[in-house]
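Asker: Protein chains in written order, with full-length UniProt numbering: chain Z, 1 to 308; chain F, 1 to 354; chain S, 1 to 334.
For the record, the hints were derived by calculation from the structure and aren't laboratory data.
For clarity, every value in this text was computed on a predicted model and none was experimentally measured.
Treat each hint with caution, since some may be false.
[Claimed, not checked] Just so you have them, the derived chain S footprint on chain Z, three or more residues with Cβ under 8 Å:
(1) 141-147
(2) 239-246
(3) 260-271
[As the list claims (entries may be wrong)] Distance windows between CB atoms, simulated:
(4) S/326 x F/136: 23 to 33 Å
(5) S/137 x F/89: 27 to 37 Å
(6) F/172 x S/142: 38 to 48 Å
(7) S/137 x F/308: 38 to 48 Å
(8) Z/202 x S/33: 44 to 54 Å
Positions of the beta carbon are idealized from the N, C-alpha and C atoms, including for glycine.
Listed below, chain by chain, are the residues.
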Amino acid sequence: MSDAAASAPPAARTAASSPVAEAWRTLRRRPDTVIAAVVLLFFAVMAAFPRLFTSTSPRTCPIREARTAPQGWGGDHPLGTDALGCDVLATLVHGVRPSLLLAVVVVGISLLIGVTLGLLAGYYLGWVDYLVSRAVEVFLVVPLLLAALLVLSLFKGVDLGAGTFNVILLPAVVLILFGWMPYARYVRASTLEAKNLDYVTAARSLGASDVRIMTRHVLPNAIGTVTALLPTSVAGVISAEAVLSFLGIGVRPPATSWGIQIEQGSQWVLGGAPHILLAPLACLVATVLALVVLGDALRDALDPRLAA
Amino acid sequence: MSAPSQAAAPQPVAEETPLLEVTDLAVEFRTAEGTVRAVDGLSYRVEAGRTLAIVGESGSGKSVSSLAVMGLLPPTARVTRGSARLAGTDLLALRPRQHRAYCGERVAMVFQDALAALNPVHTVGYQLTEALRARRGLSRADARARAIELLDLVKVPNARARVKEYPHQFSGGMRQRVMIASALAMDPEVLIADEPTTALDVTVQAQVLQLLAEIQAERRMGLVLITHDLGVVAGVADDVTVMYAGRAVEQAPVGPLYAAPAHPYTRALLRSIPSTAGADRGTRRRLPVIPGRPPSPAARPSGCPFHPRCDVAQDLCRTEVPPLTGPAPARLSACHFAADVLANRPPETGGTHE
Amino acid sequence: MGRYILRRAVQAVGTLLLVMLLLHLLTTVAIQLNGNPAQAFFGDKVATPAQIAAVEERFDLDDPCYDQVGNPCLGPFVERLGQYAQGDFGTNLRGREVADIVATAAPNTLRLFCIVLVTWLALGMVLGSVAARWRGSAGDHGIRLTSVLIDAFPVFVLLIVYRYVVAVPLHGWAEDTFGADSWPPYWFKPSFDPDHPWATVLVPGILLGLAGSAAFIRLVRASQLESYQGDHVRTARSKGLVERHVVVHHVVRNSSVPVVTAVGLTFAEALGGAVITEGLMNIYGMGGVLWGAVRDDDVSLVLGVVTLLAAVTVVVMIVVDIAYALLDPRIRYE
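With the rest of the complex left out, here is chain Z (with noise of 0.2 Å):
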């Protein structure tokens, strides 16, 4: 249109200043994101010192204490004791490292080999594409769920140690190898739009390596997409992880995570004691909460045009 000029200002001022800046600005002035940017900072904290929290481990857990009513700050049990005498915010505490850390390890590398293989796929086409997308098409074929359901029953078995990272690496690696593939459609997509540009055909015209092109010039074209998807995945493996802990195939034991705690309580909601549900649940709700608000702001800092 021709006079669409009228409307052009406000566009070519958002274009003076760098994108990464605008996103900050328009993120900084929401004031829920930043309730839930402190949210996600205390449970990162809790994870990383969960002794800072609670002194009483969770693994004491006397028989005759069972079912103790939470008993507020400053009690032996704040949140009370669950079904077997643990204290609820004991193994709350402790429950955060491993849920955590999968969420993290889990998006990071799925984030990896997604952004990877769409950027080849994108950039090299030919066979290359071919072998990804059918690679796609196949690990979508299986929800996640159900894949994990199988795998981590296939694998109930096998002994992996306690460490760290033993207790979530079965998890980790199923939620990965299913779990790449958003990423690298995205990315694949605005690859292909992006090698198109003009810059980039000039930049390829100058001499520029593939390397160059892909990380300088397409990468960052791809990035904004997949950065609003970040927080929501992190929520979804999240919760992913407190399914499979229910069923008893998330994190091993002696580990515990709240998607095993949530499985204990929820046999005691009718029973008398529903904080032995209800404390996991809330941590979990809100973690999830903070997650999505932190992924909706995302999601318009980086894309303007759909916003409010």
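Position chains F and S against the provided structure of chain Z, taking the given hints into account.
Answerer: Just chains F and S, lined up with the frame of chain Z:
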């Protein structure tokens, strides 16, 4: 800012009662920087069987003004002043629903870039007769017959088969013909064509313009042809309105305007048309361009908006907005020195503010 | 069009074969690392080697390749493909045909999916359209907040809260208010009742649909906003069509293309959700069977059901591709 007397200003052609008469139209956009006036006091009229060309650069307000007439302004835009009378009814004073009812039926619009303006998921036949079916209750069979008729009218070959096809299966020129046919579906009295040939090859451009002119003559429609290219206007238009920065700067019948422009902007536009005549003479003359850029609607210069780019600008031009007045019969120009420009002599400096 | 469908179908068969190969390889590695799955048949009991051998033979696990780590065991794979082709999907640990189990369980899953789909489309289309139509209004912001909140409660959490906290009192209240024989108590029954499959699947289905609807609301909003900004919408308005007609035929119709694609992509995710839903709510469907099989270590049943569900997903993806081609004429003859 603008002279309210414009409504009463003498019009270049007034033999017939106008079909469409736009008077003192002003349109504002709300933007992050505040309100921006895209059209500021535009008046024009179109008679049955005549073609008015509205010429201007992008941002001059030519498209916005026609969208205002059609009631199709985006939500951020607002008509702040003026009227658009279609055979006596002020469209801008109607409720949106009533205004919409006039569209297509009595005044229709042809958009630029038919690929985007046609819906990719419906067949051409459906889009040609959509309004007839929805508004006049035409049966499916009648609509099909009418669609074929319309395609024949705009000279799309093999119309019978092509009504079932989709816009992406048409070439650019054919697509624009479909666009025109769809505007003609309800036999409107006035047709507004917004840069109907911009997206097309030069040869196809000429064909489409020719077609528009034929149909217009045959049906005695009033045609408003919006374009940024003064070169295409000569063969088709009867009258010309040149717009700059949201205002009409010159209005005249096409012949006199070409022969002797009365505004420096029109003169500059005419000079920048590549002419084959110059090549004939063998004089390799550099094509003059208008220096500078069209002003952003958000930051219009003071005084005459064209003064920073004008080759005859005087001190007066920097401070006073020139009114649209007639330096000669049937001519209107918004230049302080219109008479001098018309006579192609340098303006009298020293400022006789007539 | 016919050729397009044919080509997609052939491609899908290829995908399915690759999926089965993938599942086979995973199973093989698991058996090789994990030891003998036939042991699971006996639970904690100690079985004699002869008993184990008998079980192994029944589940086609007697091939020596299962003892060699790294051997892809292609022989048994081809054998199994032959059995699948004849409709033989193996048996569960108790000797019941997987195909038979699935046949009895599938209708309930279908019921669940009907409700899920209706919930998705109803919420997504209505809320998404409203948000797009009145962009930037209070309604738009409210809908956006709603979608964020929906996202914050995974299906798993919704169902746990519903089943263990809400359902029982609600069920009691419904019984008191409407009488034990009326419909409402069945809606809120915390577990599945085979005599009233629709009524007892209703609320879980809505909850599962609700959990997936946030993405739909956003998608419908985004794609309709794009349509609203399209030139073809302005053209339609210039023809004097009433706004309702413009919205239905030029905005909603055009934005249906990405929405249909999303239904296809979300389907796989919803299958996962269905497993959780059916498992938690004791619904006897494919997911419920799978959930139970995981708990009972019934690996061959898990494998059979996952393979079948993958096949269903492949079929859904073809249907979506065809619908896509039907909805968007531009890609029909690609």
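Asker: Does each hint hold? Answer for all of them.
Answerer: Now for the hints, and whether the structure bears them out:
no. : hint                      : verdict
1   : 141-147                   : holds (count 7)
2   : 239-246                   : holds (count 4)
3   : 260-271                   : holds (count 4)
4   : S/326 x F/136: 23 to 33 Å : holds, 29 Å
5   : S/137 x F/89: 27 to 37 Å  : holds, 32 Å
6   : F/172 x S/142: 38 to 48 Å : holds, 44 Å
7   : S/137 x F/308: 38 to 48 Å : holds, 42 Å
8   : Z/202 x S/33: 44 to 54 Å  : holds, 52 Å
Checked against the numbered hints above, the structure violates none of them.
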